[in-house]
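Asks: Got chain A; can you put chain B on it based on the hints?
2 protein chains.
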Amino acid sequence: MMIGKNYIGNKQSAQGSKNYKTFNPQLNRENEILFTEATPQEIDEAVYLASEAFKTFRTVSGEQKALFLNAIADEILALDDELIQTYCMESGLPEGRAKGERGRTVFQLRSFADLVKEGSWVEASIDTAQPDREPLPKPDLRKLLIPLGPVVVFGASNFPLAYSTAGGDTAAAFAAGCPVIVKSHPMHAGTGELVASAIIKAAEKTGMPNGVFSNLNSSGIEVGTKLVKHPQIKAVGFTGSIRGGRALYDLAAQREEPIPVFAEMGSVNPVVILPNALKNRGAALAKTYAGSITLGTGQFCTNPGLLLAIKSEALSNFVSELANEIAKIEPSCMLHPNIIGAYESNKSKMMAQKGLTVVSDVKKEVNANYARQAITTVEGHTFLENTNLHQEVFGPFSMVVQCKDANQLELIISKLEGQLTATLIAEEKEEAHDYSRIISALQNRVGRIIFNGVPTGVEVCPSMVHGGPYPASTDSRFTAVGINSIKRWVRPFSYQDWPNELLPQELKDENPLRILRQVNNMLTKDKI
Amino acid sequence: MMIGKNYIGNKQSAQGSKNYKTFNPQLNRENEILFTEATPQEIDEAVYLASEAFKTFRTVSGEQKALFLNAIADEILALDDELIQTYCMESGLPEGRAKGERGRTVFQLRSFADLVKEGSWVEASIDTAQPDREPLPKPDLRKLLIPLGPVVVFGASNFPLAYSTAGGDTAAAFAAGCPVIVKSHPMHAGTGELVASAIIKAAEKTGMPNGVFSNLNSSGIEVGTKLVKHPQIKAVGFTGSIRGGRALYDLAAQREEPIPVFAEMGSVNPVVILPNALKNRGAALAKTYAGSITLGTGQFCTNPGLLLAIKSEALSNFVSELANEIAKIEPSCMLHPNIIGAYESNKSKMMAQKGLTVVSDVKKEVNANYARQAITTVEGHTFLENTNLHQEVFGPFSMVVQCKDANQLELIISKLEGQLTATLIAEEKEEAHDYSRIISALQNRVGRIIFNGVPTGVEVCPSMVHGGPYPASTDSRFTAVGINSIKRWVRPFSYQDWPNELLPQELKDENPLRILRQVNNMLTKDKI
Numbered sequence: 001m002m003i004g005k006n007y008i009g010n011k012q013s014a015q016g017s018k019n020y021k022t023f024n025p026q027l028n029r030e031n032e033i034l035f036t037e038a039t040p041q042e043i044d045e046a047v048y049l050a051s052e053a054f055k056t057f058r059t060v061s062g063e064q065k066a067l068f069l070n071a072i073a074d075e076i077l078a079l080d081d082e083l084i085q086t087y088c089m090e091s092g093l094p095e096g097r098a099k100g101e102r103g104r105t106v107f108q109l110r111s112f113a114d115l116v117k118e119g120s121w122v123e124a125s126i127d128t129a130q131p132d133r134e135p136l137p138k139p140d141l142r143k144l145l146i147p148l149g150p151v152v153v154f155g156a157s158n159f160p161l162a163y164s165t166a167g168g169d170t171a172a173a174f175a176a177g178c179p180v181i182v183k184s185h186p187m188h189a190g191t192g193e194l195v196a197s198a199i200i201k202a203a204e205k206t207g208m209p210n211g212v213f214s215n216l217n218s219s220g221i222e223v224g225t226k227l228v229k230h231p232q233i234k235a236v237g238f239t240g241s242i243r244g245g246r247a248l249y250d251l252a253a254q255r256e257e258p259i260p261v262f263a264e265m266g267s268v269n270p271v272v273i274l275p276n277a278l279k280n281r282g283a284a285l286a287k288t289y290a291g292s293i294t295l296g297t298g299q300f301c302t303n304p305g306l307l308l309a310i311k312s313e314a315l316s317n318f319v320s321e322l323a324n325e326i327a328k329i330e331p332s333c334m335l336h337p338n339i340i341g342a343y344e345s346n347k348s349k350m351m352a353q354k355g356l357t358v359v360s361d362v363k364k365e366v367n368a369n370y371a372r373q374a375i376t377t378v379e380g381h382t383f384l385e386n387t388n389l390h391q392e393v394f395g396p397f398s399m400v401v402q403c404k405d406a407n408q409l410e411l412i413i414s415k416l417e418g419q420l421t422a423t424l425i426a427e428e429k430e431e432a433h434d435y436s437r438i439i440s441a442l443q444n445r446v447g448r449i450i451f452n453g454v455p456t457g458v459e460v461c462p463s464m465v466h467g468g469p470y471p472a473s474t475d476s477r478f479t480a481v482g483i484n485s486i487k488r489w490v491r492p493f494s495y496q497d498w499p500n501e502l503l504p505q506e507l508k509d510e511n512p513l514r515i516l517r518q519v520n521n522m523l524t525k526d527k528i
Numbered sequence: 001m002m003i004g005k006n007y008i009g010n011k012q013s014a015q016g017s018k019n020y021k022t023f024n025p026q027l028n029r030e031n032e033i034l035f036t037e038a039t040p041q042e043i044d045e046a047v048y049l050a051s052e053a054f055k056t057f058r059t060v061s062g063e064q065k066a067l068f069l070n071a072i073a074d075e076i077l078a079l080d081d082e083l084i085q086t087y088c089m090e091s092g093l094p095e096g097r098a099k100g101e102r103g104r105t106v107f108q109l110r111s112f113a114d115l116v117k118e119g120s121w122v123e124a125s126i127d128t129a130q131p132d133r134e135p136l137p138k139p140d141l142r143k144l145l146i147p148l149g150p151v152v153v154f155g156a157s158n159f160p161l162a163y164s165t166a167g168g169d170t171a172a173a174f175a176a177g178c179p180v181i182v183k184s185h186p187m188h189a190g191t192g193e194l195v196a197s198a199i200i201k202a203a204e205k206t207g208m209p210n211g212v213f214s215n216l217n218s219s220g221i222e223v224g225t226k227l228v229k230h231p232q233i234k235a236v237g238f239t240g241s242i243r244g245g246r247a248l249y250d251l252a253a254q255r256e257e258p259i260p261v262f263a264e265m266g267s268v269n270p271v272v273i274l275p276n277a278l279k280n281r282g283a284a285l286a287k288t289y290a291g292s293i294t295l296g297t298g299q300f301c302t303n304p305g306l307l308l309a310i311k312s313e314a315l316s317n318f319v320s321e322l323a324n325e326i327a328k329i330e331p332s333c334m335l336h337p338n339i340i341g342a343y344e345s346n347k348s349k350m351m352a353q354k355g356l357t358v359v360s361d362v363k364k365e366v367n368a369n370y371a372r373q374a375i376t377t378v379e380g381h382t383f384l385e386n387t388n389l390h391q392e393v394f395g396p397f398s399m400v401v402q403c404k405d406a407n408q409l410e411l412i413i414s415k416l417e418g419q420l421t422a423t424l425i426a427e428e429k430e431e432a433h434d435y436s437r438i439i440s441a442l443q444n445r446v447g448r449i450i451f452n453g454v455p456t457g458v459e460v461c462p463s464m465v466h467g468g469p470y471p472a473s474t475d476s477r478f479t480a481v482g483i484n485s486i487k488r489w490v491r492p493f494s495y496q497d498w499p500n501e502l503l504p505q506e507l508k509d510e511n512p513l514r515i516l517r518q519v520n521n522m523l524t525k526d527k528i
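Same order as they appear, the protein sequences are chains A and B. Under my numbering, think of the first position of the first sequence as 1, with each following residue one higher. Under my numbering, think of the first position of the second sequence as 1, with each following residue one higher.
Okay, chain A solo, but in the shape it has when bound (with noise of 0.2 Å):
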């Protein structure tokens, strides 16, 4: 049962005296419950037994790490329909999507459970001695992958589950053995709590130490501020605007020690439509696209906001089409009266930039706080010359560049921002084939490039990579999805002559976690 208050390790506590409320934009009113902002005071403590934490849970074994992972998703399933019901009053969003993204993140619990309990993902690494050698003996030197301390994790307002109190970085903090502080977002407090009591439930249940986590209300910026800043946080994950990720790097950047931080940010996912296809199936893709850029109200960072192609008959009639299929959309409801506001004052200023042509821009009345879809178009040259053109406006909007030629296309693309994902729309690999420089830039710019589909639905496997070039993320060396998402908050630690026995599992001789490890420049799980 939801009442409010943080939780700074497993103590509920509301010191302070600023509250706030979340709010129901279905019905367009704010929800019951009082939240209460965590003081600095609280702050401190919840940072404290971090620490403290650290101490023993970065010692914590792949098995029992297991089982905390396993316990969170368990206990977030037990929540049942309160969270359900919370979720979808604190978003807006319909209960499939509610249960979708439920069972997402209990998907992305496990998989770091079944990662840390198998164990090779330490990618321990081991050269033997060779006391022989000339001029100087080798020394034996063995290394593995160790947490880096407690990490900060932002909410995400558009994930209120699967990127945020239990979301993929909690998880992969907690996987690789860092305590992790949450900043719940202001917009699901609710939800978030609720979560934080199964995470809570879970750490009591299997022993882990107090203050392995802890769930920090705040309306504002400043109890982020202050997280970021303190100087025993030594990570950080955020998921949201480029304005708000930014914030948090350049404040994490200018502290004594400075600490990574991987924000996963803005992207408008071009998708490049080439001729061909355009003509053989443009009615099939505008049907297509008009449900990708209105899926989930336009609410997904993978979300279609730029549309490419190059001038032509079938290009005019694909626009048509777009613009027939997306005004046949039913408006949906976006998270919060911010969210919608923001849609509204973006696509407006959008809409008032020079040479923007609107195709479809939906009028008729709608139910607060929903939003309404619009497509608009513009020449290649003036994309290029107003930069303005290539911000992202988050919800279900797009604009088509008509671009002159291949080689206009090929310019376009190579001035656009870091994105997370680009899509290239083509007839079969033939006519792939043919634009070769196009695949190229666009593989420059962007994290993951998808073939004849749509950007939008984000795999949660090994081989999917969310992120890319600033500012898209704030370091494209990582993923923000799937299990290498855990390199965020590890580091390589080697020990050298090291005696066995004081060795931690993964790197003694006789391989007792019978782990794969390279020793000697081989892949093994035999002992040495």
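Calculated from the structure, these hints are not laboratory results. Careful: at least some of the hints might be erroneous.
All copies of an identical chain are treated as equivalent in the list; a pair is satisfied when it fits inside any one copy or across any two copies.
[As the list claims (entries may be wrong)] Pairs of lysine-lysine, DSSO-like flavour, derived with a Cα cap of 30 Å:
id : residue 1 : residue 2
1  : 55        : 429
2  : 311       : 429
3  : 55        : 487
4  : 117       : 138
5  : 117       : 487
Replies: Here is chain B on its own, set in the frame of chain A:
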């Protein structure tokens, strides 16, 4: 033959009017050749060429990159005596060191050649499609590591070969597929130019694109600053002082598009000597450590600048022995008048700190630029109270901290800044076992921990970590030494539903390169 010009790609160029010479510290006089600093136009041209070269270099096969890297090694060896003499003339280091460092440089280049020729380093990962999955089909996803783009490498004063022009950073960047622009170190511009000529020759012989490498002369901070701020530069490698590395890190973080800076910086490399070890072999340890502290005139980043022990008669004896042993060692030459100047100044400042006792300070007359080694001691509480005492004195200087008890020792360790290494000297594993909290505290502060050895000597092998928590490096998640240092310059990239024949070799169904890949969670060299 040296001519004092920059390499802007394969063209020798000296359009600027700012000149400087290198210095022979052994002879205490300037060397003859006049080096011309790169102009802003030359910098822009080098970056332009690097960006253009990246378009093809990033797709060059591992086999071709291996030929290039091995050719660099060959060309460096072909420079023969001219290189060794120039190295010695510009560093004051002995010929044996020059040859040893050349051997290491060549070994590093060949290790990266082997790595990319074999090819599995790209961490190829494939998750095949499941078109019938419910509720949604699973797409085919395939991932590999790709290069970031043009990298700037700053030459290090203390390793004219192994951490400079064709050193570890450059070799790793080439292996990754990144063009490199070296900001040559002004103290060894001639050595740098010779090695640059070897790289250019190798690039031409193996058909690499012009601009894959440039070498820019620079005596101040302007060239480096402009390079790091250049929008087309995508990453930076640096080895040097905390002040220098932090300045570059700040510049990079303040860019519109922040880029990764891997700076390997200061470290005092704490050595903890446990009581029984001190009692049983204090004299031998004193001799060993006198050697380690003065090795290379104390100019290694792993120099043991801080010895920590619990007070006892044995510790007093050890301090006396260490003072005796170090006084026996002949002073030797530092790299440059600026380096010896900084050493003398920092040593004096340190010796002026309240509570510091000087137990050995060689006073005898020495040649110009020769460093006089020194040993000091301080009480544990004094060290805790005065963080000036935690600073590095780059050179043959060390401080023995006499701790009240094990608790104070642990507290001191927990208060230390991040370090490259820590060393534990124990009477075999039994004594180490009794001090597990000390070991745990050390691990939390460093990148590598050594048992009963010395920190000097950095073995180049896959299990080496050369890096550590800030300020040892700007990002503890990477190492500067060993093949894994390639990870600083690459990012994961994923293909979704991409046609097999358009995929890179590494990800094709038939696995034509026969590399090890993770396919549906199984490591295998098999085809799909």
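Asks: State for each hint whether it applies.
Replies: Do the hints match the structure? See the list:
In this assembly of identical chains, the alpha carbons of residue 55 and residue 429 lie at most 30 Å apart only when taken from different copies (22 Å versus 54 Å within one copy). In this assembly of identical chains, residue 311 and residue 429 lie within 30 Å of each other by CA distance solely inside one copy; the values are 21 Å within and 74 Å between copies. Taking the shortest Cα distances, residue 55 and residue 487 sit within 30 Å of each other both inside one copy (20 Å) and across copies (28 Å). Taking the closest pair of Cα atoms, residue 117 and residue 138 come within 30 Å of each other only across two copies (25 Å); inside a single copy the shortest separation is 33 Å, beyond that limit.
Taking the closest pair of Cα atoms, residue 117 and residue 487 come within 30 Å of each other both inside a single copy (16 Å) and across two copies (25 Å).
The structure fails none of the hints (numbered hints given earlier).
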